[in-house]
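**Q** Listed below, chain by chain, are the residues.
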Amino acid sequence: MTEKILNIDMLSKSFSGLRVVEEVSFDITKGSRTALIGPNGAGKTTVFNLISGIYTVDDGQITLDGIDITDMPERQRVNCGVSRSFQNIRLMPHLSAIENVMLGQHSRARSVGHLMFPLGWVPGNRWARRAAEALGEAGLDTHAGEVVANLPYGVQKRIEVVRALMPEPKVLMLDEPAAGLNEKETEELQILLEKASEQGVTLLVVEHDMQFVRNLCDHVVVLNFGKKIFEGAPSVVNRDAAVREAYLGTDYVDAA
Amino acid sequence: MSGYWAGILAILCFNIVVAYSVFLPAASGQLNLGAAGFVAIGAYTSGYLSTDVGLAMWLTIPLAALVTGAVAFLMSFPILRTRGVYMVLATFAFAEIVQGVYINLEVFGAAAGYPVDAYAGLGVIAPVALGVVVVSFFIMSTRFGLSMRAVHDDERVAALFGVNVRMTQVTAFTLGGLVAGIGGAIWAHQFNYVEIQNFNVMLSIFVLLYVLIGGTQTAFGPLVGALFFTLVPEVLRVSNDWRFVFFGVMIVMMMVLRPEGIVTRTMTERVTALLTFRRGTAAKP
Amino acid sequence: MLILQQLISGLMIGGIYVMVAVAFTLTIGMLNFLNFTIPALFMLAGMSAWGLTTLGIHWAAALLGGVVIATLASLIVERFTYRYMRVRYGDATEHALPLVSSLGFLIVFEHLVLIALGSDPQRFPTPFTSSDVHIGPLIIGIPQLVSLFLSLVIVYGLSQMLKHSRVGRALRSIAENPDASTLMGVNVNYIVPVVFIITGVMAGLAGMLFTVNYGDVSAYMGDNVATKAIAGMVIGGLGNIWGAIAGGLIVGLTEVMAIHFFGADIVKIPIWGLLLLILVIRPTGLFGHTTIGKGKF
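Residue numbers (this note's numbering), protein chains in the order written: chain A, 29 to 284; chain B, 16 to 300; chain C, 23 to 319.
One thing to keep in mind: the hints can contain errors.
Calculated pairs, SDA-like style, for lysine to any residue (alpha carbon to alpha carbon, straight line, at most 20 Å) [to be verified]:
#: 1; chain 1: C; residue 1: Lys290; chain 2: B; residue 2: Ile118
#: 2; chain 1: C; residue 1: Lys290; chain 2: B; residue 2: Glu121
#: 3; chain 1: C; residue 1: Lys290; chain 2: B; residue 2: Val116
#: 4; chain 1: C; residue 1: Lys290; chain 2: B; residue 2: Asn119
#: 5; chain 1: C; residue 1: Lys290; chain 2: B; residue 2: Ala127
#: 6; chain 1: C; residue 1: Lys290; chain 2: B; residue 2: Gln212
No lab work stands behind these hints: they were computed from the structure.
Let the sequences and hints guide you as you build the complete structure.
**A** This is the structure in structure tokens:
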């Protein structure tokens, strides 16, 4: 299946004259698992922010499953099928784990009837059950009622992923989901994401953990200084000269 | 029940209602230092409907709420353009304007005040206050209440998950106005007299303070705050001024020691777990 | 001519509002904190000065004592509010903490004074009651002239200090970026109290000047000044000292003229209506100067 679910075409963004993203283009195939990598400051999070609508695009186009979302207000983009997690955890600190996850369901429950339903008074309601199940699938259900501010970093990071899965997105963007996780947590995260992928969710992951990328992803896009410098399979990415130069510096490239 | 305690209870009911009028916007991140303005509108409206129009209380109270809610809705458009300290000042400005308007309106008695016909004793006030509490708990238990709290914590991310932040904020602010209108109506019918001097800056300040002391994370907070503000001074049998000194000191200490307020989300979770004999925190929103 | 006389009275009282407005705007600009204790400090200076005279202390020493007491009170506020500000989540309620604490202190100070000195307005034994200058048909009180001059000098001195002294530079850097400032060696724990000292001195001096010029002090004198000073600050833009000067004078003038033409009570509506408009449409104030600091709370 080579149907394209996400097209990024000549995307550009500057901040106060500094070109943070420069004419980046790549396509994401439906059902694939793509990693977006590059040294710090390469513009990866900015690309995510442009796709989710936090920043406005200076130039270029973003198409999601055939719909041009370049100028779409951020609130509506989740309805088109894009969802994300964040580099610095951005859970609602005063809400419990399950409440955070239930927030993820909001785009699927926007009608007045849904808004007025007393979720807190009907403990067995389907939204709470679905959220609890999702947490359970990620191995996090023992923390469900705990206010997230009190939970350890690794748990919070994974709750973010669960929350991002709740809108049943077409494309799931994850910004450094494995950062700060220990080996066991990283493994569990990988299982969770593989499950999501098998259910048809397309993954786009920013990551620095190359082992994680190699285990999970089938496609890699490399950015450096705002430009795309490589696109291809994970197995060959570290042999490309431009990539080596980006990460290691010119002196080391020829030593390979 | 002795007349004295009946009076205290009536004041408590008023304090509770006004607490919720400030709590609902505060729970979605809006700080209102102009509660007195909205309460004044509710008081004068219900008073006018009672004295000059001759309506019964079961009409004046809801109508006062609607009028105040409408004013809040209209004011939400300019006020919600502000954030943080600017919003505090904007709501403060609003209350000052309301004071200025009423003190000059002869139809409402201007500075001399306005008499209100119908009397509401505890038999009316208590159920009304109870109703406000129940409805507030209901709102906070809904998905809308969840989105309110999400907007309070992180507007940006809430929007990314599809929450209509603007609508949530306008609704919360309007609901606050509606409830404040009810509070004003209670005042008017309890004391049978409305004087604008009673709806001053200190009222706005006190309400905001005891709502914040109670805690804005759950619907229990304003209840606790109002109880604290009304009943603790009764327990401390000291002069009026010393009660306020105590209150002020409590505020300063609370902000240092427990800034989230007395009742936090963590606390309600632990208490629920305790009461339902659960081990650890299981799935419950 | 009567108009001119009124204009002059407006400027005189405006001069006092200026100092309080500057205290407000300085704290907001430097510390992102709307300090509601300031009017209480103003009142403390006036009331404690009066209290001291009842103990037999000479009026000049009493006035100075008032200023000292106001400054000490300000430092107490610093000790228990700002120092505990830990921004953990950055959400709306959290940013309000220092403001809420300052409201707590406002209540404490006002009621302590009510307990100690009663709620009746008092007359401060000012020795300057009849030294006026006559320019044509205009009467200008010498003490008022002196205090207008004094407030402008003090505020000018303050802005120079901020611009050119080491302390001033440190303050401005904290306003811009507290974390970077600490890294650059600015000792935040020493510098922040300086802002509170300046606040206390300015509010206290304003209280002192008010007492000397108008003679009436009461436990509620802070409330009136508070709203006018806040208005002045908003007009000038939060964080903008020169704006606060202009704002304070404008408010003083508007108040006097409005009372003269329309009567006291109606004044509130246009003033606060204007302020609301400014806050909503042009929060940087009428003078549009970019404010220092994030100005959030």
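**Q** Is the straight-line distance between the alpha-carbon of C:Lys290 and that of B:Val116 20 Å or less?
**A** holds, 8 Å
**Q** Is C:Lys290 within 20 Å of B:Glu121, Cα to Cα?
**A** holds, 16 Å
**Q** Below or equal to 20 Å on CA atoms is what counts here, so check C:Lys290 against B:Gln212.
**A** Between C:Lys290 and B:Gln212 the Cα gap is close to 14 Å, so the pair holds against 20 Å.
**Q** Would the hint linking C:Lys290 and B:Ile118 be met if the CA-CA limit is 20 Å?
**A** holds, 10 Å
**Q** Between the alpha carbons of C:Lys290 and B:Asn119, is the straight-line distance 20 Å or under?
**A** holds, 10 Å
**Q** Given the hinted pair C:Lys290 and B:Ala127, is their Cα-Cα distance within 20 Å?
**A** holds, 18 Å
The structure meets every hint from the earlier list without exception.
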